[in-house]
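**Student:** One-letter residues, chain by chain:
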Amino acid sequence: MLEVSGFLINSSFAMLLLPLWVAVMIILNAAVPFVSSRKLTLNLSLGVSLIGIIFSVCALYFCLFSQNAAAENNLLWLNTGDLRVSLGTLVDGLSAVIMLFFSVIFFLVQVYSYGYVKEEKNFHRFFIFLNLLNFSLTGLILSSNLVQTVIFWELSGVFVYFLINYWYTKKSASDAAKKTYLINKIGDAALLLGVIGLIYFSVIFSSAENMILLSYSNLQFTAETLYSMVSGKTFLIIAMLPVFGAMTKCAQFPFHSWVVDATEAPAPVNAILQGVIPVATGGLLLMRLYPLFVLSTEVLAWLKIVGCISALVFAYVAMSQNNIKKIFAYSTASQLGLFFVALGIGAYTGAGYFLISHGVLKVLLVLTAGVVVCSMDNENDIKYWGGLRQSMPGVALIFLLGSGALSGLLFSGFCANTLLLANFYLQDNFIWTVVILFVFFMSAYYLFRVYFLVFEGEKSKIELKKVSNYMKCPLCFLVVISIAMAFCYKKVFASLVYFVSLEQVSLSDGGKVVMLFILLCAVYITFRLYMSPYSKFMLIKERVLNKENLLYKLSYNCFYIEEVNKFLLDKFLMKFCRFVDFIDKYIVNGVVVILGLTTRVFSYLVSKLQNGNVQSYLAYSVFILAAIMVVIVGIYLLGSLVGV
Amino acid sequence: MSVIFNIGLYHYLILALILFCIGLWGVIACKDLIKVFLCVNLMMFSAALNYSAYAVYVDPEKINGVVVAIFIIVFGIINLVVSAALLISVFKYKKNLDVEKITDIKG
Amino acid sequence: METLTTVFFYLMSILAISALFGMIFSSLKKSILIWAFILFCALGGIYFLLNMSFVGAFQILVGAAGTLCLVAFLMFLTPEKINRAGVCFKARIFISIFSILLIFLSLLWAIVDNYLASVLDFIITINKNGLLNVVDTIGESIIGNYAVVFEVTAVVILLVIVGTAMVGVFKRNEESR
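Top line first, the protein sequences correspond to chains A, B and C. Just so we're aligned, residue 1 is where the first sequence starts under this note's numbering, counting upward by one. Just so we're aligned, residue 1 is where the second sequence starts under this note's numbering, counting upward by one. Just so we're aligned, residue 1 is where the third sequence starts under this note's numbering, counting upward by one.
Bound conformation, chain A alone (with noise of 0.2 angstroms):
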């Protein structure tokens, strides 16, 4: 079995070109227009994500039980004097266990999308790039080096790009993809920055030979190197930038809008969005480069205060909206702001299992989600919804489960709860317990308050559409996920995502009590506020949500963010760009259209030479050569005149 999974991790590079070529069979099938098939393309992309599925679980039991915990595979691509850039594969543990959630959960969301997608006419299309995305991301999870990570790590916004703008038609999907793209790139263009100086630095301060640029496994080194070379300053920078673009790809607090804009995708892309596109990117950036980060007291706090801003804005914005998709949405950036502040903290392994456990839980209540909205004919919104139960009791069932575990009360969401509990409570940073307490608190109340509007109460008069079984399956699948990795956490993940100078803590059991006790509360006032009239709730539900009311007017309209930078557009920016614009249109332009004026004037005198009569050329030829004689012969004189 050693031998085997050893086999395999070493094929590696075979493993990141599969989709690629998968992409490339499948355009070539839907090039064909009578003999593409559907199923052959849907066959290809599990295939190759089963072929993932099956490296995955090779690679964890590799790192498991052999002796050397990590794989690596390394082409030398770039070879400059001092720069040396290789592209190349890591198996390690983290790499190992974000390989195995991205691609079970990437083979689930396929088997969804051909339910999703099966009428489209853009079928073919969806699945070349969902591939592309599964290449793009495989390279990233993958990666040895940072500046491989920098290159996929562009190639996966691209595809995030064509996969919202799939319905290219609808103005507002491909306004989002705009938007998604542009905010996106901010975080890139930090990036790259931060990359740009650390192989400075790293080239400079390098005294070991061949060592690959900026590769995980000597990023200690590396960062221990900078630290001690490099004032403060530079150091905090450097460090700041790639969290920066981890901001981004996480949907933190600035740049949150393009994950709530991008609800405009179809589902199975919003499920990848919202789930595994900040595992995957942003939080596996965070997670490498995390040497990096504890050297810096400032980089940890800025990731404490961007994670609390933006877990508590948004926990707060989305108890209040109608639609269901954006509640998702900003239930993500809330409960990645959780994972920034544990990282913050210092709870590494907690992190990355809460991380990673949202994603399953986040991609199983889109997909579900998806479901509804699909059998309602495409309504989002929750106010026309309700007692939907009767009519889809395992979907509602799916749902509840779901929340449930999200919330922290149930599964694997229980677990990272706990976990994250631990880390705030045992380390004496009690303000953050009561933070995080409240942001737990508020997220089971928009969870169920989603469920108790969607599947309880009167039921709606809008007609149930049939879904096929293709959409419902993977939910199950995720479901039995979500309470395997209930299970696995002290065996199988403690051991492998670990940050050697930190310790791992866990819970107490009188802390899971409180938690639970508090979570419940937040899932009984839901119920009292929209299941049962009962007097005192309804005055609170009155008074609070109230159109009039500031607090729920900030809520409903995620304070204002949106308008703010939109007015802040308006005043400077364009002023700027109309500036620019004047710039280009008559000056730089002007100085284009003067030189070509010139030539052409000039050519059109020239070309009056060129008039086809040989005498003419014959003319210009002698014309040409009693100047050469005239020169000739002035030298001679000269000479002459002066004696030489």
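Hints were generated in silico from the structure; no laboratory data involved. Nothing here was measured: the structure is a model prediction, and the numbers come from that model. Please note: incorrect hints may appear among the correct ones.
[What the hints assert, rightly or not] Straight-line Cα separation of at most 27 angstroms, DSS-like style, residue types lysine-lysine; simulated pairs:
1. B/Lys31 x C/Lys90
2. A/Lys118 x A/Lys466
3. C/Lys30 x B/Lys62
4. B/Lys31 x C/Lys30
5. B/Lys62 x C/Lys90
[What the hints assert, rightly or not] Every beta carbon over 10 angstroms from chain A, so not counted as near; a handful from chain C, in silico:
6. Ile14
7. Lys29
8. Asn51
9. Phe54
10. Ala65
11. Gly66
12. Arg92
13. Ser96
14. Ile100
15. Leu102
16. Ile142
17. Ile143
18. Thr164
[As the list claims (entries may be wrong)] Chain A is faced by these chain B residues, among others (derived, beta-carbon under 7 angstroms):
19. Ile28
20. Ile78
21. Asn79
Virtual Cβ for every residue (Gly too), placed ideally from N, Cα, C.
Fit chains B and C to the supplied structure of chain A, relying on the hints for placement.
**Tutor:** Same frame as chain A, now just chains B and C:
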């Protein structure tokens, strides 16, 4: 005066030069293609004259230049023959031999 | 004898130059032929003056008569109604006159400068004794030193005959124009 009346090498050279230059001007100025080719021929013949004058005055034993002059005359005739054939086919196409009207090589 | 040479040289050169101008400016077919004939014969006369009767005769036979025959055929084969009148006056004519004058002056300067410096002073007179067997010398050097050139010339003439015949016979496709 003896310079003018004592005919020597330089007189032949200057005569050849004058003929050459007028021939060149004729090539450029003549409208008729036949005249143009006659002028080209004349330029070659004046070069031949130059060669033979040098041969006679500088190298009287071997007179290599005279041989070259003979070859030049022969090639002049060849030139004229080829150009005659070309002129005939041009005439078939254009129906005249006016240089001003034959401007097909215009770009 | 010297006077006769001088008179003959100037006569021939004036004849050649005036015949050249006549050829360039004449407008009638006949006069072009006559002026060209006179021009090439005058050149042949100058070869006689150089004591090379073989080359002179060659010039008159091949250069004058052969050329003129060809030109006569050419003129009959290309019957033009327009006036063959001589010279057009355009910008290029003045450019060319100017540049040809410059070329002429610079070459003349080179010749006269050479004459004044008398670099070739020792060969200013003809060695008349050495030119008695000039035909033999020419024949020997053609067969000896210039044999390759001679053969190449023969091949070129053959090619020219074939090529000229092909160009003349070749029928142009009317539509392809």
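**Student:** Each of the hints needs a verdict: does it hold here or not?
**Tutor:** Results for each hint:
For a cut-off of 27 angstroms, the pair hint linking B/Lys31 to C/Lys90 stands: about 11 angstroms separates their Cα positions. With a C-alpha separation of about 14 angstroms, the suggested pair A/Lys118 and A/Lys466 falls inside the 27 angstroms cut-off, and the hint holds. For the suggested pair C/Lys30 and B/Lys62, the alpha carbons sit about 41 angstroms apart, so the restraint of at most 27 angstroms is broken. With a C-alpha separation of about 17 angstroms, the suggested pairing of B/Lys31 with C/Lys30 holds against the 27 angstroms cut-off.
Between B/Lys62 and C/Lys90 the CA atoms are separated by roughly 47 angstroms; this puts the pair beyond 27 angstroms, and the hint is violated. C/Ile14, annotated as away from the interface, keeps every beta carbon of chain A farther than 10 angstroms; the closest lies near 26 angstroms. With a minimum CB-CB distance of about 21 angstroms to chain A, C/Lys29 clears the 10 angstroms threshold, and the non-interface call stands. Taking the minimum C-beta to C-beta distance to chain A, about 32 angstroms, the non-interface status of C/Asn51 holds against the 10 angstroms cut.
With 10 angstroms as the threshold on Cβ separation, the claim that C/Phe54 sits away from chain A holds: the shortest Cβ distance comes to roughly 34 angstroms. Against chain A, the non-interface label of C/Ala65 holds: every CB pair exceeds 10 angstroms, the least being about 28 angstroms. In this structure C/Gly66 is separated from chain A by more than 10 angstroms, as the shortest Cβ-Cβ distance comes to about 25 angstroms. The Cβ of C/Arg92 sits about 4 angstroms from the closest Cβ of chain A, inside the 10 angstroms cut-off, so the non-interface label is violated.
Remark: the non-interface label on C/Ser96 conflicts with the geometry, its nearest Cβ contact in chain A lying 4 angstroms away (cut-off 10 angstroms). Not every CB of chain A is more than 10 angstroms from the CB of C/Ile100 (nearest about 7 angstroms), against its label as outside the interface. Remark: the non-interface label on C/Leu102 conflicts with the geometry, its nearest Cβ contact in chain A lying 4 angstroms away (cut-off 10 angstroms). Even its closest Cβ contact with chain A, about 33 angstroms, leaves C/Ile142 beyond 10 angstroms, as expected for a residue assigned away from the interface.
No Cβ of chain A approaches the Cβ of C/Ile143 within 10 angstroms, the least distance being about 37 angstroms, so the stated non-interface status holds. Residue placement check: C/Thr164 keeps its beta carbon more than 10 angstroms from all beta carbons of chain A (closest about 21 angstroms). At about 5 angstroms, the closest approach between the beta carbon of B/Ile28 and any beta carbon in chain A falls short of 7 angstroms, and the interface hint on this residue holds. Interface hint status for B/Ile78: violated, as the beta-carbon distance to the closest one in chain A is roughly 20 angstroms, over 7 angstroms.
Interface restraint check: B/Asn79 against chain A, minimum CB-CB distance 16 angstroms, threshold 7 angstroms, status violated.
Violation of the numbered hints given earlier is confined to hints 3, 5, 12, 13, 14, 15, 20, 21; the remaining hints are satisfied by the structure.
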